[in-house]
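Construct all of the structure, not just a fragment, from the sequences and the given hints.
In order, the protein sequences belong to chains W and G.
Just so you know, we're using UniProt numbering here: the first sequence kicks off at 1 and counts up by one.
Just so you know, we're using UniProt numbering here: the second sequence kicks off at 1 and counts up by one.
One should not assume that every hint holds.
Claimed, not checked - Derived BS3-like pairs (lysine-lysine); straight-line CA-CA distance at most 30 Å: (1) G:135 - W:118; (2) G:64 - W:118; (3) G:182 - G:242; (4) G:187 - W:118; (5) G:136 - W:118; (6) W:118 - G:379; (7) W:118 - G:160; (8) G:67 - W:118.
Unchecked claim - What the simulated footprint calls covered on chain G by chain W, stretch by stretch (three residues with Cβ under 8 Å from a Cβ of chain W suffice, anywhere in the stretch; the number is not a length): (9) 223–230; (10) 233–244; (11) 247–260.
Unchecked claim - Just a sample of chain W residues kept apart from chain G, beta carbon distances all over 12 Å, derived: (12) 55; (13) 58; (14) 72; (15) 140; (16) 167; (17) 171.
What the hints contain is simulated information worked out from the structure, not anything from laboratory work.
Idealized CB from N, CA, C, for every residue including glycine.
Spelled out from the first residue to the last, the chains are:
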Amino acid sequence: MQLEQILQYSFSGLSTGAIYALIGIGFSIIFNATGIINFAQGEFVMLGGMLTLFFLELLHLPLWAAVPCAVAVSALAGILFERLAIRPLRQPTPINLVIITIAGSILIRGLAMLLWGKDTHAIPPFSGDEPISIAGATILPQHIWILTITVLIIAVNKFFFYHTISGKAMRACSYNRRAASLVGIDVRRMVLFSFIISSMLGSLAGIIVAPLTMTAYDVGIMLGLKGFCAAIIGGMSSGIATVVGGLILGVLESLGAGLISSGYKDAIAFIILLLILFIRPQGLFGKAESERV
Amino acid sequence: MKKLIAVCGVVCVGLLSATAVFAAGTIKIGGLFAVTGPAAFLGEPERNTAKMVVEEINKAGGVKGHKLELVVYDTSGDATKAVQLATKLIRDDHVAAIIGPSTTGESMAVIPVAEREKVPLISCSAGIKITEPVKKWVFKTAQNDTLAVGKIYEYLQRHKQSKVAILTVSDGFGASGREQLKAQARKYGITIVSDDTYGPKDTDMTAQLTRIRGSRAQAIICWGTNPGPAVIAKNARQLGLKTPLFMSHGVSSKRFIELAGDAAEGIKLPSGKVIVADLLPGSDRQKGALTAFVKDYQKHYRAEGDHFGGHAWDAVMLLKNAIERGGDTRATIRDQLERTRGFAGIGGTFSYSAQDHAGLNKDAFVLVEVKKRHWSIVK
Numbered sequence: 001m002q003l004e005q006i007l008q009y010s011f012s013g014l015s016t017g018a019i020y021a022l023i024g025i026g027f028s029i030i031f032n033a034t035g036i037i038n039f040a041q042g043e044f045v046m047l048g049g050m051l052t053l054f055f056l057e058l059l060h061l062p063l064w065a066a067v068p069c070a071v072a073v074s075a076l077a078g079i080l081f082e083r084l085a086i087r088p089l090r091q092p093t094p095i096n097l098v099i100i101t102i103a104g105s106i107l108i109r110g111l112a113m114l115l116w117g118k119d120t121h122a123i124p125p126f127s128g129d130e131p132i133s134i135a136g137a138t139i140l141p142q143h144i145w146i147l148t149i150t151v152l153i154i155a156v157n158k159f160f161f162y163h164t165i166s167g168k169a170m171r172a173c174s175y176n177r178r179a180a181s182l183v184g185i186d187v188r189r190m191v192l193f194s195f196i197i198s199s200m201l202g203s204l205a206g207i208i209v210a211p212l213t214m215t216a217y218d219v220g221i222m223l224g225l226k227g228f229c230a231a232i233i234g235g236m237s238s239g240i241a242t243v244v245g246g247l248i249l250g251v252l253e254s255l256g257a258g259l260i261s262s263g264y265k266d267a268i269a270f271i272i273l274l275l276i277l278f279i280r281p282q283g284l285f286g287k288a289e290s291e292r293v
Numbered sequence: 001m002k003k004l005i006a007v008c009g010v011v012c013v014g015l016l017s018a019t020a021v022f023a024a025g026t027i028k029i030g031g032l033f034a035v036t037g038p039a040a041f042l043g044e045p046e047r048n049t050a051k052m053v054v055e056e057i058n059k060a061g062g063v064k065g066h067k068l069e070l071v072v073y074d075t076s077g078d079a080t081k082a083v084q085l086a087t088k089l090i091r092d093d094h095v096a097a098i099i100g101p102s103t104t105g106e107s108m109a110v111i112p113v114a115e116r117e118k119v120p121l122i123s124c125s126a127g128i129k130i131t132e133p134v135k136k137w138v139f140k141t142a143q144n145d146t147l148a149v150g151k152i153y154e155y156l157q158r159h160k161q162s163k164v165a166i167l168t169v170s171d172g173f174g175a176s177g178r179e180q181l182k183a184q185a186r187k188y189g190i191t192i193v194s195d196d197t198y199g200p201k202d203t204d205m206t207a208q209l210t211r212i213r214g215s216r217a218q219a220i221i222c223w224g225t226n227p228g229p230a231v232i233a234k235n236a237r238q239l240g241l242k243t244p245l246f247m248s249h250g251v252s253s254k255r256f257i258e259l260a261g262d263a264a265e266g267i268k269l270p271s272g273k274v275i276v277a278d279l280l281p282g283s284d285r286q287k288g289a290l291t292a293f294v295k296d297y298q299k300h301y302r303a304e305g306d307h308f309g310g311h312a313w314d315a316v317m318l319l320k321n322a323i324e325r326g327g328d329t330r331a332t333i334r335d336q337l338e339r340t341r342g343f344a345g346i347g348g349t350f351s352y353s354a355q356d357h358a359g360l361n362k363d364a365f366v367l368v369e370v371k372k373r374h375w376s377i378v379k
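Pasting the structure below:
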């Protein structure tokens with residue numbers, strides 16, 4: 001019985017962890033290309049869910065059409081955000097950028113509230129909601145979707161960043177913006193790219209979780225914070241480390257809620273966040289970088 | 001000289017606000033609702049309903065020839081703001097009485113103001129502390145959660161189920177429910193075998209439910225407002241839990257069924273009678289008011305009238321009746337409110353007295369069950 005319970009906790013944790021990972025990757029992509037921690041990332045997650053709902057219910061599109069539409073509109077929102085809020089900034093100091101992204105997140109949330117109201121909405125699951133039983137624990141088909149899509153996205157990410165010119169250029173920007181621009185890389189365009197990619201990732205995360213968690217104008221806050229937490233555990237890398245970070249976070253949360261007390265669930269995430277920042281600010285798997293002077 | 005005029009002015013304003021509340025021919029009623037913010041799901045229908053009812057009363061000729069004027073402020077669910085706005089309503093707008101606020105926290109904050117300024121306050125929030133102990137100027141229309149807990153426990157007792165697991169949301173509503181669930185358990189011979197909570201924004205409660213599955217609970221009672229309970233319903237289905245699931249009156253609207261989908265099937269909860277207005281027998285005293293309210297709200301706002309709007313409906317109507325029976329100052333309105341007997345409103349049949357400013361009994365609730373995506377009354 002106890003074993004079954006632990007298995008169930010782990011399954012639940014893995015699936016929520018995959019969501020955190022997906023959001024965390026969005027954070028780290030922008031961070032790596034621009035040095036910005038985009039606190040509006042959670043809002044793109046919300047946009048994904050709400051836009052899908054909009055296309056499904058108001059325009060009566062089928063699911064397979066609504067999802068790409070929602071992702072496309074979120075990407076557009078990402079472009080607008082970068083163009084209107086980030087690029088015109090005269091003094092892009094980290095603190096200014098952080099404030100701008102927080103302001104942006106409040107603005108997007110407010111607009112979403114005005115457009116779609118304050119209610120919570122449900123999105124139908126992609127392929128039914130008959131639970132699947134594995135060794136006494138159960139998961140939903142949607143969980144499999146989440147895990148598969150996360151794995152797929154990581155693979156695509158890996159390919160993009162290591163095997164395409166644009167991806168390599170973006171990595172070059174993340175290592176050294178000045179050097180990158182000296183060899184002819186348009187750094188501004190790479191920054192724009194990073195916003196497009198991360199807004200698409202964020203919205204995709206929002207879409208695949210919406211059938212499980214439902215969506216509302218304000219779901220982005222908590223999901224965004226948890227995603228940020230995952231990215232920190234992963235040391236702000238845009239690859240496997242963040243995914244593992246997300247999964248660890250999800251499983252610990254779920255185990256903590258099940259075995260210790262459900263009241264501490266969110267506290268667990270933030271205690272981990274603080275511990276990592278105190279003890280290993282470079283992330284669990286990162287090597288400490290030495291600053292060259 | 002200037003000083004003297006100022007003093008006179010202050011005295012006059014003071015006198016005005018203390019005595020002739022509707023010298024100008026209209027009666028001002030203050031409304032404090034959380035129209036935005038986390039409690040907007042309460043405040044919005046409340047404001048809409050209050051506006052609608054006042055409009056209708058005026059169309060029908062007002063109260064004793066006086067038109068009603070509703071002055072509404074949005075508290076955004078913030079207690080500090082609620083206190084400021086209550087003071088504003090009393091001092092600047094010279095209202096005869098105040099309806100609201102929407103949440104228990106705000107109500108508790110506003111109560112000292114109403115008591116000090118001697119203004120009747122009809123709160124639309126549910127917390128039992130608002131009217132217990134009785135405060136001279138404070139009434140309320142929302143049903144106590146005590147009554148809702150009683151309704152569930154009564155049912156469990158009748159069906160010889162004594163071991164329950166409770167799962168409550170970690171906010172004001174859930175904490176109050178948890179307190180009541182624990183306090184009344186003994187009276188109905190019920191033992192709580194598992195006591196868990198979840199966060200208002202949590203999106204996965206399988207961990208808690210798995211733990212409950214490990215306990216030997218015969219029923220699960222979940223106390224929260226949307227969307228949490230819908231997630232719990234879905235999670236319970238995912239885990240294949242066969243234990244009967246009970247919810248609180250916090251989710252008794254169509255929205256819950258929409259959110260939880262098939263997972264809502266078979267869930268039981270105590271609810272005010274609004275959502276089952278057309279299923280009620282003709283002998284029910286509230287039926288007239290209920291069907292009128294539901295139809296009216298539908299016409300005005302193209303949405304189903306819900307309990308929250310109902311709290312404001314009751315508050316306005318109680319005030320209207322009190323004024324009609326001879327309340328023409330803040331003090332007499334209060335006295336007349338206290339003399340309300342057997343007023344069949346939306347939340348229940350109200351009978352206030354000097355000892356009871358909540359005015360409802362267990363009949364305010366019915367136990368409903370979700371069957372084929374609709375509510376049905378559990379006999």
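### Message
Need the status of pair residue 187 of chain G, residue 118 of chain W: alpha-carbon distance at most 30 Å?
### Response
violated (39 Å)
### Least C-beta distance between residue 171 of chain W and chain G, which was stated to exceed 12 Å
Label holds. Min Cβ-Cβ 33 Å, cutoff 12 Å.
### Message
Is the listed coverage of the segment 247–260 of chain G by chain W valid when you require three or more residues with a beta carbon under 8 Å from a beta carbon of that chain?
### Response
It holds: at least three residues are needed, and the segment 247–260 of chain G offers 4 whose Cβ sits within less than 8 Å of chain W.
### Query
Between residue 67 of chain G and residue 118 of chain W, is the straight-line Cα distance small enough, at 30 Å or below?
Between residue 67 of chain G and residue 118 of chain W the Cα gap is close to 33 Å, so the pair fails against 30 Å, i.e. violated.
### Task
Determine whether the non-interface label on residue 140 of chain W survives the test: each CB of chain G must be over 12 Å from its CB.
Non-interface label fails for residue 140 of chain W: nearest chain G Cβ at 5 Å, not farther than 12 Å.
### Task
Below or equal to 30 Å on CA atoms is what counts here, so check residue 135 of chain G against residue 118 of chain W.
Judged against 30 Å, a Cα distance of about 34 Å means the pair is violated.
### Separation of residue 72 of chain W from chain G, once the least beta-carbon distance is taken, above 12 Å
Its Cβ never comes within 12 Å of chain G, the nearest being 25 Å, so this holds.
### Query
Is the hinted pair residue 64 of chain G and residue 118 of chain W satisfied, with a Cα-Cα distance of at most 30 Å?
violated (39 Å)
### Query
Can the restraint linking residue 182 of chain G and residue 242 of chain G be considered satisfied, given a maximum Cα separation of 30 Å?
Given pair residue 182 of chain G, residue 242 of chain G holds - Cα atoms ~23 Å apart, limit 30 Å.
### Verdict on residue 55 of chain W as a residue remote from chain G, using beta-carbon distances over 12 Å
holds (18 Å)
### Query
Regarding the pair residue 118 of chain W and residue 379 of chain G, is the alpha-carbon distance no greater than 30 Å?
Given pair residue 118 of chain W, residue 379 of chain G is violated - Cα atoms ~35 Å apart, limit 30 Å.
### Message
Against the 30 Å threshold, does the CA-CA distance of residue 118 of chain W and residue 160 of chain G hold or violate the hint?
### Response
Between residue 118 of chain W and residue 160 of chain G the Cα gap is close to 41 Å, so the pair fails against 30 Å, i.e. violated.
Hint compliance for this structure: hints 1, 2, 4, 5, 6, 7, 8, 15 are broken, all remaining hints hold.
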